[in-house]
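Asks: Each protein sequence line maps, in turn, to chains A and B.
Residues in the first sequence are numbered from 1 upward in steps of one, following this note's numbering.
Residues in the second sequence are numbered from 1 upward in steps of one, following this note's numbering.
Just so you know, the hints here were simulated from the structure itself, not pulled from any lab data.
Be aware that one or more of the hints could be misleading.
As the list claims (entries may be wrong) - Capping the alpha-carbon separation at 16 Å, the derived lysine to aspartate or glutamate pairs in EDC-like fashion look like this: (1) 267/B - 264/A; (2) 267/A - 264/B; (3) 174/B - 205/B; (4) 21/B - 234/B; (5) 250/A - 136/B; (6) 65/A - 280/B; (7) 269/A - 289/A; (8) 3/B - 330/B; (9) 150/A - 208/A; (10) 65/B - 280/A; (11) 52/B - 24/B; (12) 3/B - 324/B; (13) 250/B - 136/A; (14) 27/B - 233/B; (15) 174/A - 208/A.
Number of protein chains: 2
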Amino acid sequence: MRKLNDLQTPYLAVDLEIFEKNLETMKSIRPGSSLRPHVKAFKSTDIAAILKQAGYSGFCCATIKELEGLAANGLGDDLLLANETLNASRLRSLVDHGVEVIVAVDSTETIDAAKDGGIRNVLIDVNVGLPRCGCDLNEVEILSGYARRKGLNIKGVMGYEGHLMFTPDRADRKRGVAEAMQVLQEAHSITGGDIISAGGTGTFDLNELATEIQAGSFLFMDTRYSTVGLPFEESLTIVSTVISVERDRKRAVCDAGVKSFATDYGKPKLEDGIIEFCSDEHSTIVPTEQRGDLAFQVGDLIHLRVPHVDPTIAKHSRLACSQEGYIYGDWKVDLRGW
Amino acid sequence: MRKLNDLQTPYLAVDLEIFEKNLETMKSIRPGSSLRPHVKAFKSTDIAAILKQAGYSGFCCATIKELEGLAANGLGDDLLLANETLNASRLRSLVDHGVEVIVAVDSTETIDAAKDGGIRNVLIDVNVGLPRCGCDLNEVEILSGYARRKGLNIKGVMGYEGHLMFTPDRADRKRGVAEAMQVLQEAHSITGGDIISAGGTGTFDLNELATEIQAGSFLFMDTRYSTVGLPFEESLTIVSTVISVERDRKRAVCDAGVKSFATDYGKPKLEDGIIEFCSDEHSTIVPTEQRGDLAFQVGDLIHLRVPHVDPTIAKHSRLACSQEGYIYGDWKVDLRGW
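Use the sequences and the hints to build the structure in full.
Replies: What follows is the structure, encoded as structure tokens:
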């Protein structure tokens, strides 16, 4: 059995016990079709297969590559492209291979692409407050009419309240979600259809409108999601080696840098030190205020907490599955790229 | 001949004309052995082969994987691992395959790893002001003695003045480099050896001590390097599709997010808009102050300027080679990972 320090650092390790606990917690609150796991979080058919075993057969994707990979691995029974695309030819290729995909649309151009790609079912993507995709509530009627005239079937609506995922106070978050979902409910009263797809890890048990929640990060969590009091724990760490320690023990350097983790939500955290400076292949660690010098030795294996899980996983080709210091195989991250 | 909009976005495109001009400029100032191109910037044996054609046969690496990839592709005549490693077994594997590597060391532990890996030649890595690896000047003598007693040959010193790469004023930068290089010169007076390896794209023509400059970013540049008045231009852009435009034209969304570029040096820049908000798969664009609304249409192809080149390239498996709107093949980014 390999140990954690047998692998080349830096790498990502999943604590299997915590991962499974997170999955059980989600299953107890959002089982089966009430959750549509978002594959963009982990980009792995191995993990999607575990979710299917756990009763989740509908998946949410952000890229056509994710759709293609799931379909090619027998995981394509119920796929949603929860993102806008203009790439009709790649949609067509999926359809020609017998894959049924529901596609989110928010404009006549994306409706045309869905139609040209041979797609039958769409969701009208509605902006519910996040400054990103989704049409205005006032456009829902005209876009629905346009899609229907093109022969598309409107399965319902989508509206991601991403601006509320990290609202620290649960009651505030709940109020915000209710407000955002009023918009989506109005949109749904125009479109009809069985699906109201919304939500994420931060709102999975607060969103009372959604027929399905689009969450993926709950399996791994990260330092930012850990600030909002969710019933999930961090299962993923960046495993790194201390490669240099300054003589007076005021500075240590490990071999994980911005090529192995994303910093858009801040720097990684660790025990007994603070990451002061990240560069491509290194992070420089300084002492915490509590202790004046660092205890690390050159060669020590350390675990860094992940600041933002999705783009961090996307930097790695595999996740090592670990438990109590041993490695029990790995999961491939095979749906990276575009 | 394929056009830029025939490829699935987001992707990275290299403007071949600018790339070649950057290479010519470097050759005119730092030809042959006076530059040891840093492969960490581009992680591509295709690009290393172009550099070899241009007269550069010595390469600088940040990871053992880069060393292995260069050696396996006939590019391993003169390799430097410009980074600390404890992985003796992977060094040993290179040596057993007949690859000669010079390894940077800054501690007894890294010297032991080099020795155990069968390495013959090392550089003493000296801290010249960047808060990262490198021993203190006061440790050079004892580490040199330790390495020699282990039977290692000290080829010289390394000292990366990374803290000065982006000093805006050239005269200030030059003064800073001179000061940092005094430390390295003192270190070299202790170690001896033919090699003084230092520098980077920001100091390539200011560092008067280094026998070889470790630069890689000059081939592509990025928005941060463009602020310091270097004789290189940005050859790399992130090509993205506008997938959503708000009805009142105050917001547009493109399909490139933090999975396709690094944001540790800020957000990408573009013409006729400002990126306000980046998420995993999207960037939200708002109007510049000059113009009140956005001119983008859904489906438009846009070019984003790269904020930080090295970790951005490391997110992609290929670079598309472009000229005047056409694609002339691609370069594989085959040395990613660890």
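Asks: All the hints need checking, so say for each whether the structure fits it.
Replies: Taking the hints in turn, this is what the structure says about them:
no.	hint	verdict
1	267/B - 264/A	10 Å, holds
2	267/A - 264/B	10 Å, holds
3	174/B - 205/B	9 Å, holds
4	21/B - 234/B	11 Å, holds
5	250/A - 136/B	13 Å, holds
6	65/A - 280/B	15 Å, holds
7	269/A - 289/A	14 Å, holds
8	3/B - 330/B	13 Å, holds
9	150/A - 208/A	32 Å, violated
10	65/B - 280/A	15 Å, holds
11	52/B - 24/B	13 Å, holds
12	3/B - 324/B	9 Å, holds
13	250/B - 136/A	13 Å, holds
14	27/B - 233/B	15 Å, holds
15	174/A - 208/A	9 Å, holds
Hint compliance for this structure: hint 9 alone is broken.
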